[in-house]
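Residue numbers (numbering that gives the first Met the number 0), protein chains in the order written: chain A, 0 to 435; chain W, 0 to 435.
Incorrect hints may appear among the rest.
Identical chains blur together in the list; that is why a pair holds if it fits in one copy or across any two.
[Said to hold, decoys possible] List of simulated lysine-lysine pairs, DSBU-like, C-alpha gap at most 30 angstroms:
#	residue 1	residue 2
1	86	156
2	343	51
3	350	286
4	28	248
5	51	86
6	312	156
7	139	150
8	192	286
9	286	86
10	414	194
11	394	364
If you're looking for bench data, these hints aren't it; they were derived computationally from the structure.
2 protein chains.
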Amino acid sequence: MCTVKSRGKFFTRVMLKIGDKITMKKRTKGVIVQKYGGSSVANPARIIEVAKRVASCREKGYDVVVVVSALGDTTDELLSLAGEISKTPPERELDMLISTGEQVSVALLAMALTELGREAISFTGAQVGIITDSSHTKAKILDVSTKRIQKELLQGKIVIVAGFQGINLDQEITTLGRGGSDMTAVALAKVLKAKMCEIYTDVKGVYTADPRIVPSARKLDSISYEEMLEMASLGAQVMQARSMEVAGKFNVPMQVRSSFSTEEGTVITREVKDMEDVLVRGVTVNKGEAKVTVCDVPDKPGEASRLFERLAKADINVDMIVQNISRTKATDISFTVEGKDLQKIKKEIEKIVKDINAKDVRYDKDIAKVSVVGIGMRSHSGVAAKMFNALAIEKINIKMISTSEIKISCIVEKKQADNAVRALHKAFGLNKKRVK
Amino acid sequence: MCTVKSRGKFFTRVMLKIGDKITMKKRTKGVIVQKYGGSSVANPARIIEVAKRVASCREKGYDVVVVVSALGDTTDELLSLAGEISKTPPERELDMLISTGEQVSVALLAMALTELGREAISFTGAQVGIITDSSHTKAKILDVSTKRIQKELLQGKIVIVAGFQGINLDQEITTLGRGGSDMTAVALAKVLKAKMCEIYTDVKGVYTADPRIVPSARKLDSISYEEMLEMASLGAQVMQARSMEVAGKFNVPMQVRSSFSTEEGTVITREVKDMEDVLVRGVTVNKGEAKVTVCDVPDKPGEASRLFERLAKADINVDMIVQNISRTKATDISFTVEGKDLQKIKKEIEKIVKDINAKDVRYDKDIAKVSVVGIGMRSHSGVAAKMFNALAIEKINIKMISTSEIKISCIVEKKQADNAVRALHKAFGLNKKRVK
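Given the sequences, and given the hints that come with them, work out the whole structure.
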């Protein structure tokens with residue numbers, strides 16, 4: 000039997016108990032967490048490509064933990080099966096259903112790696128101990144156990160974990176909401192103290208704007224957690240916003256890159272000094288919102304708060320809010336909601352409108368939210384003026400405005416949105432190649 | 000708080016702890032386990048039909064536990080996905096993969112029942128505590144926990160359990176092999192002391208012969224466990240043979256019936272006296288076997304046993320065995336194997352043939368096994384003679400014969416098989432309608 004010979008700040012050798020034997024194994028260069036989205040594992044051929052990439056990372060001496068999403072459109076296909084049975088299926092059963100998608104992916108990836116001669120083992124969220132709360136379909140991770148993963152890594156295996164899913168304390172399967180695999184990857188990278196959390200997707204990184212709208216858009220070499228969070232929230236679909244929040248909070252080193260190229264992607268990192276020199280990091284657009292205007296809300300203290308309290312209670316997510324100055328004894332309040340939710344919330348909104356004695360409600364689906372994001376705004380003024388001016392030159396009318404410390408968003412007509420993005424991208428000089 | 004008022008041989012009222020409250024609930028008429036095969040839940044429309052049937056059983060006052068297979072051809076589709084990645088995928092990962100099929104079914108059925116206004120909850124094998132050994136892809140059930148199921152039944156819920164799957168003591172997902180959902184149903188019926196274990200399938204019950212071959216075949220009202228076991232083993236595809244063995248051992252009351260009709264099916268029961276009056280219960284045919292003849296095996300004691308030892312070690316399942324009388328100093332040994340395994344075992348067999356100094360090996364895929372089954376044979380003689388005579392009249396040559404206490408099997412040419420079944424069905428008077 001061996002014993003641990005030296006014990007420094009970092010173990011150079013660690014002990015592992017397998018059955019009754021105690022085995023010694025050299026520490027690797029550290030853990031890399033790789034997350035592959037649905038398009039990266041859309042079919043067996045792509046899964047084999049992913050396996051090669053994973054194997055090559057292992058070859059470089061890293062312990063590799065892979066998080067995988069469901070194959071291509073599997074989740075949507077499962078949801079449509081459920082839709083044929085029930086319009087409002089119980090969320091617990093929805094989680095039971097859609098969590099199978101990722102289970103298929105991890106098994107297939109483990110097979111592909113075995114076929115390449117690598118030792119690999121797949122796990123469901125439950126098996127690996129990803130403990131969540133009980134909010135089915137949008138659960139939050141409470142705790143991640145590393146015991147089983149560490150054991151397999153120490154045996155030299157590549158560990159594959161089903162993204163997007165967990166288990167609550169009653170052993171019920173939960174899912175983490177759209178983009179939840181990013182959260183799985185970030186959470187694992189955090190608890191495993193990973194050297195890097197790599198998010199593989201079908202784009203080469205984070206761009207100054209959507210290249211389909213702005214052909215001159217550039218891939219960013221780096222971006223701060225905060226900017227990435229804003230951009231994700233505002234419509235850039237590279238990463239789930241909530242997982243960016245967690246990554247930033249725990250300073251998890253991240254990189255967004257393409258699974259179809261070896262090119263370096265965009266590093267997401269803690270804010271560094273020279274990031275401030277850039278006024279605006281990127282321009283985003285979100286065409287998925289709708290505007291709701293509640294007309295003639297009685298201008299009494301508390302009426303607006305009653306409105307939004309009721310909306311919150313009905314689980315209606317409100318984004319931007321604008322209240323116009325009272326004209327008479329009533330005021331108009333506008334807010335935006337997810338466009339796809341509009342139909343189902345109309346009934347609820349109309350009930351609320353009646354209860355608070357407002358006069359009318361109007362809906363507008365033909366809107367888009369155009370935003371500029373950059374931590375440079377904090378120390379530079381005039382960004383808003385520049386933005387409004389750029390839009391004015393293009394004769395784009397601004398319907399609502401909302402600002403935060405590092406972003407400014409404007410609601411414009413949907414048909415003018417792409418034009419607005421191009422104008423802003425140019426106005427803030429984003430198509431010029433810059434060092435850093 | 001309530002206390003239990005009376006305590007007879009059977010509890011009329013039982014206590015249930017939910018959180019901190021103690022609730023009282025009237026005992027139902029007992030537990031019914033229903034198992035639905037893949038064709039019964041092939042699509043959302045059929046799942047809704049199954050839900051109605053389940054709901055109507057609950058309505059009659061039974062506690063209902065439903066076991067469901069994967070939708071239609073899901074398992075085969077998953078296997079073909081795996082096949083695109085690896086010809087010999089690790090069995091642990093295969094189980095991880097194919098167990099998702101049943102998880103999809105249970106979730107969808109729970110949704111369908113909820114849609115009908117019933118309280119239902121779905122479980123994976125792991126969640127419900129179906130503990131198996133670690134033989135991936137063909138695991139055996141070691142233990143079934145009833146705690147969670149009982150808790151949900153007591154709350155009035157319909158419990159839906161994923162068939163075909165379990166979990167070993169290391170939390171690894173296992174599957175029970177083809178037809179394993181039958182085993183899940185039988186195991187649950189046993190531990191829950193079910194009044195009846197109903198196997199729903201796409202045929203109306205167990206027939207005297209395959210109606211596609213013998214149009215005059217009759218549906219049996221009842222059959223003994225032992226006969227059903229033989230018939231399942233011999234090619235009747237209504238039920239998995241292994242689960243029949245367990246059902247018989249624990250005397251689990253069973254019924255095979257159609258999920259597309261309300262007609263009564265075939266009751267599988269303990270052997271009763273008048274069953275013996277029937278000489279032959281049914282005729283089966285299995286066209287899936289292949290014959291292997293090892294020629295000129297040295298006629299020394301132990302050579303034949305060496306052959307079959309080696310075959311067993313190579314995990315080659317042998318069915319019928321015939322050894323001809325020694326002509327010179329060598330003998331020919333014939334046996335049958337699963338036809339679909341033939342290609343992959345040829346190499347192994349040829350190695351063995353060489354090692355035991357046999358001269359040659361020959362293969363014959365154009366065979367079929369025709370069998371007659373009936374517990375009546377035990378007390379009646381002359382069945383074999385009658386069988387051989389019936390085949391002789393039709394000029395059907397018998398290549399191998401194998402008998403057990405309640406069955407006689409003959410290997411014949413594949414192209415004569417259907418004719419053989421019809422001849423036997425007629426010879427044993429099976430197309431005559433009989434009382435009982």
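We went through each hint and held it up to the structure:
| no. | hint | result |
| --- | --- | --- |
| 1 | 86 - 156 | between (43 angstroms within a copy, 21 angstroms between copies) |
| 2 | 343 - 51 | between (45 angstroms within a copy, 28 angstroms between copies) |
| 3 | 350 - 286 | within (27 angstroms within a copy, 68 angstroms between copies) |
| 4 | 28 - 248 | within (24 angstroms within a copy, 56 angstroms between copies) |
| 5 | 51 - 86 | between (41 angstroms within a copy, 18 angstroms between copies) |
| 6 | 312 - 156 | between (47 angstroms within a copy, 29 angstroms between copies) |
| 7 | 139 - 150 | both (25 angstroms within a copy, 27 angstroms between copies) |
| 8 | 192 - 286 | neither (37 angstroms within a copy, 58 angstroms between copies) |
| 9 | 286 - 86 | within (25 angstroms within a copy, 46 angstroms between copies) |
| 10 | 414 - 194 | neither (44 angstroms within a copy, 66 angstroms between copies) |
| 11 | 394 - 364 | within (20 angstroms within a copy, 80 angstroms between copies) |
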